[in-house]
Amino acid sequence: MKAEGGRRKAEGGRLWASTQDLGPETRFPIPNPQSPIPVVLLLALTACFPGTASAHKLNVFAHVEGHTIRGNAYFPGNVPAREIQVTAVAPDGRELGRTKTDQEGKFALDIRERSDTKIVAVAEDGHGAEFTVHAAELPEDLPAAAPSAGPTAGPPGPPAAHPAGQPSLPGQDLPGEIQALRAQVVELRGQVYDYEQRLRFRDVLGGLGYILGLAGVACYLLSLKRAGRPRE
Amino acid sequence: MHIYEGILTATTGGREVLVAGTVAAVAGTAIGLYQLDYERIPRTALLSAAFFVASMIQIPVGPSSVHLVLGGLMGLVLGWSAFPAVLCGLVLQAVFYAPTGLTTLGVNTTIMALPAVICYYLFRPGVRSGRLPLVFIAGFTAGATAILLGAMLSAAALTLSGREFQTAARVVLAAHLPVALLEGLVTANVVVLVRKVHPAVLDAPPLAVAVEGLGIGD
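Chains A and B are the protein sequences, given in the same order. Anchor point for the first sequence: position 136 equals 136 in the numbering used here, and the numbering is continuous, going up by one each time. Anchor point for the second sequence: position 163 equals 163 in the numbering used here, and the numbering is continuous, going up by one each time.
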């Protein structure tokens, strides 16, 4: 025991004691008693991977090709979300179409009207994601909204209301160069979307700051309560 | 373990789940806040921070990815105060990342915090035991149970909102089995560590003293 004590003193600066120090029963790394609370270590450990932080789960991205909305659903790390339900929803809540993703997480939905279309993907385990395709991106030869929409739910606006500066995208009859350019823009938008969905390190730090602040507020409120009592 | 807003708002049963989950979360948070005293505030904040960070770190497992929840650990250390800790972490996630929307906040809080409280009552005695293997096993079971209970609550919520229970339970449980294992291991190690280094966190006597007292390691 004496010899071990001396050894421990010698390695006082080390954070993790070797497992032999603490007997054969312990098969996991044990920190020296001087080290901070283990949860702090865990926290520090998890905070070491900001690059891989990409909460939360399901993502869905869509773009317009002619009279079809194409897109893909995926989990963090570009893992395709296979055979999950994808629904197109009009601004007034009507369902415009419904399909399932294929083995690569891709889907295609025909467009029948020109309004802001929300693409909703829902996985079996309850995770879900949304993506909105704006009316301005849809072909101009489509009706503004289906006649069944009724007067209660106002359509987002007649096509004429959109600024004339928006280039019309009829789709198939464009020259090859412009088609290629469109494909690049779609890819770029996908990357921007992916980047937006990615959680950044400063968000994590900000959250930790809020929790620290809330703990401070809680302590302050308790101290107000205690202030009425005499000091011990 | 998050449930997406659209699933629950779509059906009457789902809306009832929303209301019930919110009521449970409010009640749990009230009890948790009532029990919060000076000594508990820092550790509640610490575990809330650990939950907040851990639930956003995706660890790739097979074709998908998982993340830790630390529900068992929160339950063992905090008891009812796990409710405000989880709520706090989820609110911040919603603010920074908006994965689920605010209406499902109550349901999701209950899904993660209620199993934590159940683990507090089931495994706290085991974790405070003087025998190391028992502490390890209690910690592991608490970590795994919290995840599996949460998955079952999740499946129940999906069922009540109009999905077939067996499908929902199978999918949710299959997705959470690796998490339960991982979580069990992490919780067991952290609990053993806490017992040796800072046993006051679990209101228990230090474990290392007992081991050395037996003369092991001489």
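The reader is advised that the hints may include incorrect statements.
Said to hold, decoys possible - Below, simulated DMTMM-like cross-link-like pairs (lysine to aspartate or glutamate); rule was C-alpha separation at most 25 angstroms, straight line:
(1) A:Lys118 / B:Asp37
(2) A:Lys100 / B:Glu39
(3) A:Lys225 / A:Asp203
(4) A:Lys118 / A:Glu137
(5) A:Lys100 / A:Glu130
(6) A:Lys118 / A:Glu187
(7) A:Lys225 / B:Glu164
(8) A:Lys106 / B:Asp37
(9) A:Lys118 / A:Glu177
(10) A:Lys100 / B:Glu5
(11) A:Lys118 / A:Glu65
(12) A:Lys225 / A:Glu187
(13) A:Lys225 / B:Asp37
(14) A:Lys100 / A:Glu83
Just so you know, the hints here were simulated from the structure itself, not pulled from any lab data. A quick note: this is a predicted structure, and the numbers were derived from the prediction, not measured.
Violated constraints from the hint list, given by number and in increasing order: 1, 2, 3, 7, 8, 9, 12
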